[in-house]
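Here are the chains, one letter per residue:
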Amino acid sequence: MAVKLMQGNEAIAIGAVAAGCRFYAGYPITPSTEVAEVLSRELPRVGGKFIQMEDEIASMAAIIGARVGGLKSMTATSGPGFSLMQENLGYACLAEIPCVVVDVQRLGPSTGQPTAASQGDIMQARWGTHGDHPIIALSPTSVRQAFDLTVKAFDFSEKYRTPVLLMTDEIIGHMREPVELPDFATITTFQQSVTEAPAAYKAFRNTPEGVPPMAPFGVGYRYHITGLLHDEVGFPTQRLDEIDPWLERVNTKLDQYSEDIVMVEEDYQPGARLALLSYGCSARTARHALKAARAQGKKVSMLTLQTIWPFPEKQVEALGEQVDKIIVPEMNLGQLALEVERMVGRKKVRRVTRANGEMATPQMVLAALEE
Amino acid sequence: MNEKREQNILDAATLTADEALIPQADWMERSGVLQKLRKNKKFPTIWCSGCGIGVVMGALIRAIDHLGLKSDDVALVAGIGCTARMPVYLDFNTLHTTHGRALAFATGLKIARPDMKVIAIMGDGDALAIGGNHFIHAARRNIGITALVVNNATYGMTGGQYSPTTPVGRRATTAPYGNVEPPFPVCDLAIAAGASYVARSTVYHALELDKFLAEAIAKDGFSLVEAVSYCHTTYGRLNKLGTAADMMRALKDNSIAKNAYDKLSDEQKASNSKIVRGNFVNKDRSEYTGIYQNLIANVRGD
Ligand SMILES: Cc1ncc(C[n+]2csc(CCOP(=O)(O)OP(=O)(O)O)c2C)c(N)n1
Ligand code: SF4
Ligand SMILES: [Mg+2]
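Respectively, the protein sequence lines represent chains A and B.
The opening position of the first sequence corresponds to residue 0 in numbering that gives the first Met the number 0, with each subsequent residue numbered one higher.
The opening position of the second sequence corresponds to residue 0 in numbering that gives the first Met the number 0, with each subsequent residue numbered one higher.
Among the clues, some could well be false.
[Said to hold, decoys possible] Across the chosen pairs, the derived CB separations fall in these ranges:
| no. | chain 1 | residue 1 | chain 2 | residue 2 | range |
| --- | --- | --- | --- | --- | --- |
| 1 | A | Gln-51 | B | Asp-219 | 21 to 27 Å |
| 2 | A | Pro-212 | B | Gly-158 | 27 to 33 Å |
| 3 | B | Thr-172 | A | Thr-360 | 56 to 62 Å |
| 4 | B | Thr-173 | A | Thr-251 | 38 to 44 Å |
| 5 | B | Ile-290 | A | His-129 | 34 to 40 Å |
| 6 | A | Arg-238 | B | Asp-219 | 38 to 44 Å |
| 7 | A | Glu-36 | B | Asp-301 | 20 to 26 Å |
[Said to hold, decoys possible] Pairs of lysine to aspartate or glutamate, EDC-like flavour, derived with a Cα cap of 20 Å:
| no. | chain 1 | residue 1 | chain 2 | residue 2 |
| --- | --- | --- | --- | --- |
| 8 | B | Lys-41 | A | Asp-240 |
| 9 | A | Lys-158 | A | Glu-195 |
| 10 | A | Lys-298 | A | Asp-266 |
| 11 | B | Lys-268 | B | Asp-252 |
| 12 | B | Lys-41 | A | Glu-231 |
| 13 | B | Lys-41 | A | Asp-254 |
| 14 | B | Lys-41 | A | Glu-176 |
| 15 | A | Lys-201 | A | Glu-95 |
| 16 | B | Lys-273 | B | Asp-252 |
| 17 | A | Lys-290 | A | Glu-264 |
| 18 | A | Lys-201 | B | Asp-71 |
| 19 | A | Lys-201 | B | Asp-90 |
| 20 | A | Lys-201 | A | Asp-243 |
| 21 | A | Lys-313 | A | Asp-230 |
| 22 | B | Lys-257 | B | Asp-187 |
| 23 | A | Lys-158 | A | Asp-240 |
| 24 | B | Lys-257 | B | Glu-214 |
| 25 | A | Lys-347 | A | Glu-320 |
In short, the hints are calculated from the structure, not lab data.
Glycine is no exception: its CB is placed at the ideal position from the N, C-alpha and C atoms.
Kindly produce the complete structure, drawing on both the sequences and the hints.
Given below as structure tokens:
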């Protein structure tokens with residue numbers, strides 16, 4: 000495919016179509032609106048469907064409903080809308096409905112600064128809905144990666160029957176970069192298929208693989224889906240012998256697949272005692288600083304996270320064993336730094352935070368390296 | 000069928016013979032749907048004995064049976080509440096969602112599967128308080144979903160708090176001095192928002208519910224059936240309205256068929272405090288998923 004100048008939000012929309020998304024429901028909000036605008040144009044062209052719902056609560060509900068009806072589905076929003084989606088996001092986690100939610104983060108809390116970038120929803124992505132639950136969240140550092148991770152998000156959500164969050168930000172979302180997209184014919188995402196006969200089908204079977212196949216509605220598998228704790232066929236239950244194995248499966252189902260889910264980029268220098276760790280737009284600042292530091296002859300390693308949740312514990316722990324100091328630049332007051340501290344200890348972590356809508360500068364990161 | 004029984008049914012429902020869907024005597028045996036109640040796992044129901052919700056469930060089954068729909072082609076989507084527990088007992092595609100959001104989930108499902116009959120089952124709080132916005136927008140879009148609202152004028156499941164349909168002056172656990180908020184007229188709301196089919200009856204008039212539900216489900220566009228019920232264990236007790244049977248009887252005594260209501264003088268209408276039962280709207284308006292399907296065909300040049 001030819002090189003094209005493309006915006007991050009556009010890349011997400013095009014990536015969704017390439018990944019097989021055929022339903023989008025959303026409510027306009029800066030800085031995510033272009034995702035909806037592009038999909039309102041592109042989806043009907045491939046026989047897909049777009050709807051602008053009355054709010055983000057309804058949008059989240061509609062994408063779950065559409066996926067239950069068999070269409071791969073997505074919504075996109077920003078902080079205020081992401082807050083409204085939390086209850087039904089938890090529903091999708093508990094009822095194990097695949098779907099993709101894009102959060103183009105803006106400065107919060109509340110209405111905050113709609114046009115200013117932020118990475119302030121990182122902890123909300125993990126714990127925003129009530130109760131313990133599994134979640135996958137990915138974060139791109141470039142326009143091309145916004146495309147790739149959108150495809151991955153659909154793949155993971157189908158494969159692991161769980162919502163996947165694409166945690167991007169105003170900078171990546173609105174930035175234009177030249178990109179060369181892969182041939183869409185080469186793009187494949189996991190396809191759910193049920194081989195069991197309807198009578199034997201258990202939509203929530205506690206298999207050792209952790210992810211029972213999901214049948215859509217209307218093809219002969221008449222089963223019950225609920226946000227209540229349920230047994231293997233989906234009926235509400237209060238029996239601990241039914242709840243416990245199910246809770247255990249749902250809350251650990253991602254663990255055995257962390258090799259697949261956890262995606263990081265390791266740019267390590269042998270002998271380096273300093274490291275940068277970042278994600279999303281902040282990783283771009285960090286990369287600038289990295290180049291400058293190396294040009295000055297410093298040995299510095301860098302770990303860029305594409306998968307935020309589940310947190311890449313193994314990789315961060317291993318990095319902590321190699322270096323004395325890990326610098327974590329992010330556009331919030333130190334949210335992901337908490338996780339890094341949990342893995343390597345507070346003494347090794349130096350936060351570089353900025354939560355006023357402006358990016359941290361490479362100079363700020365360099366200064367932290369100097370300390 | 001026993002003629003006397005048939006006459007009783009007609010009298011109770013204020014329907015003429017050709018209006019009512021009188022079940023055949025062998026209806027129970029014939030009905031595949033009834034035989035496939037999820038009885039092994041789920042019965043008895045969670046409902047208090049004497050609750051009117053079960054009557055609505057019966058009417059829904061009979062309406063689906065009357066239309067001869069295949070169980071695979073029917074989806075029941077519910078919110079949260081006593082009413083919203085209904086789908087779990089029925090052998091269709093059943094989606095029990097979050098409080099107030101049944102119509103929003105149903106909208107996604109209907110768009111994905113326009114060929115399916117999607118029925119959203121909600122209580123008055125579910126449909127009109129927390130879900131009020133989804134209710135008017137689903138009606139405005141005229142999406143082919145049937146909204147079945149069981150109006151018991153209270154939050155049954157959480158123990159009898161006042162709801163958007165509680166009459167002024169009635170007591171609730173959160174209105175110990177009497178409710179001061181005027182209630183929503185459910186059907187008027189749906190009509191104003193653009194619904195294609197709107198009807199109301201009560202759980203005393205079960206056969207009317209059968210008929211209205213069958214018509215609503217058969218309708219292409221957005222349809223509403225308001226089934227007026229009661230909650231004797233919370234609202235009824237707080238307001239000293241007697242037993243379930245007393246409250247059931249009150250629905251008979253305090254309701255009037257639309258045909259009879261229409262014949263009243265303007266003064267009589269103005270002072271009427273009875274529940275008006277009947278079909279208020281039945282019109283043809285293009286249905287949302289059909290319109291969108293045409294849009295797709297146009298865009299693709301098919
Ligand atoms: C977001 C949210 N808020 C509140 C509740 C608690 N809640 C459960 S059912 C209900 C009201 C039910 O009333 P209604 O919809 O009229 O149904 P009924 O029980 O009367 O049939 C409430 C407030 C909830 N489950 N979710
Ligand atoms: S609490 Fe009221 S509405 Fe709920 S089942 Fe009991 S009687 Fe019915
Ligand atoms: Mg109620």
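Notebook entry, point to check: Is Lys-347 (chain A) within 20 Å of Glu-320 (chain A), Cα to Cα?
Noted result: Judged against 20 Å, a Cα distance of about 10 Å means the pair holds.
Notebook entry, point to check: Holds or violated: Lys-41 (chain B) with Glu-176 (chain A), Cα cutoff 20 Å?
Noted result: Violated, because 57 Å separates the two Cα atoms, which is more than 20 Å.
Checklist line | Lys-158 (chain A) paired with Asp-240 (chain A) [C-alpha distance capped at 20 Å] | finding: violated (27 Å)
Next item on the list: Take the C-alpha atoms of Lys-201 (chain A) and Asp-243 (chain A), compute the straight-line distance between them, and say whether it is at most 20 Å.
Entry: With Cα atoms ~17 Å apart, Lys-201 (chain A) and Asp-243 (chain A) stay inside 20 Å; holds.
Item checked: Consistency of beta-carbon spacing, Asp-219 (chain B) to Gln-51 (chain A), with hint 21 to 27 Å -> holds (22 Å)
Notebook entry, point to check: Does Asp-230 (chain A) lie within 20 Å of Lys-313 (chain A) when you go C-alpha to C-alpha?
Noted result: With a Cα-Cα distance of about 33 Å, the restraint between Lys-313 (chain A) and Asp-230 (chain A) is violated, given a limit of 20 Å.
Checklist line | Given pair status - Asp-240 (chain A), Lys-41 (chain B), alpha carbons within 20 Å | finding: holds (17 Å)
Checklist line | Distance restraint evaluation - Thr-172 (chain B), Thr-360 (chain A), Cβ atoms, bounds 56 to 62 Å | finding: At roughly 58 Å between Cβ atoms, Thr-360 (chain A) and Thr-172 (chain B) fall inside 56 to 62 Å, so the hint holds.
Item checked: Distance restraint evaluation - Arg-238 (chain A), Asp-219 (chain B), Cβ atoms, bounds 38 to 44 Å -> Since Arg-238 (chain A) and Asp-219 (chain B) have Cβ atoms about 43 Å apart, the given range 38 to 44 Å holds.
Next item on the list: Would you check the hint for Lys-268 (chain B) and Asp-252 (chain B), treating anything up to 20 Å between C-alpha atoms as holding?
Entry: Given pair Lys-268 (chain B), Asp-252 (chain B) holds - Cα atoms ~17 Å apart, limit 20 Å.
Next item on the list: Go ahead and decide if the range 38 to 44 Å is satisfied by the Cβ distance of Thr-173 (chain B) to Thr-251 (chain A).
Entry: Roughly 41 Å apart at Cβ, these two residues keep to the hinted range, so it holds.
Notebook entry, point to check: Within 20 Å, alpha carbon to alpha carbon, are Lys-273 (chain B) and Asp-252 (chain B)?
Noted result: With a Cα-Cα distance of about 8 Å, the restraint between Lys-273 (chain B) and Asp-252 (chain B) holds, given a limit of 20 Å.
In terms of the numbered hints stated before, the structure departs from hints 2, 13, 14, 21 and 23, listed from lowest to highest.
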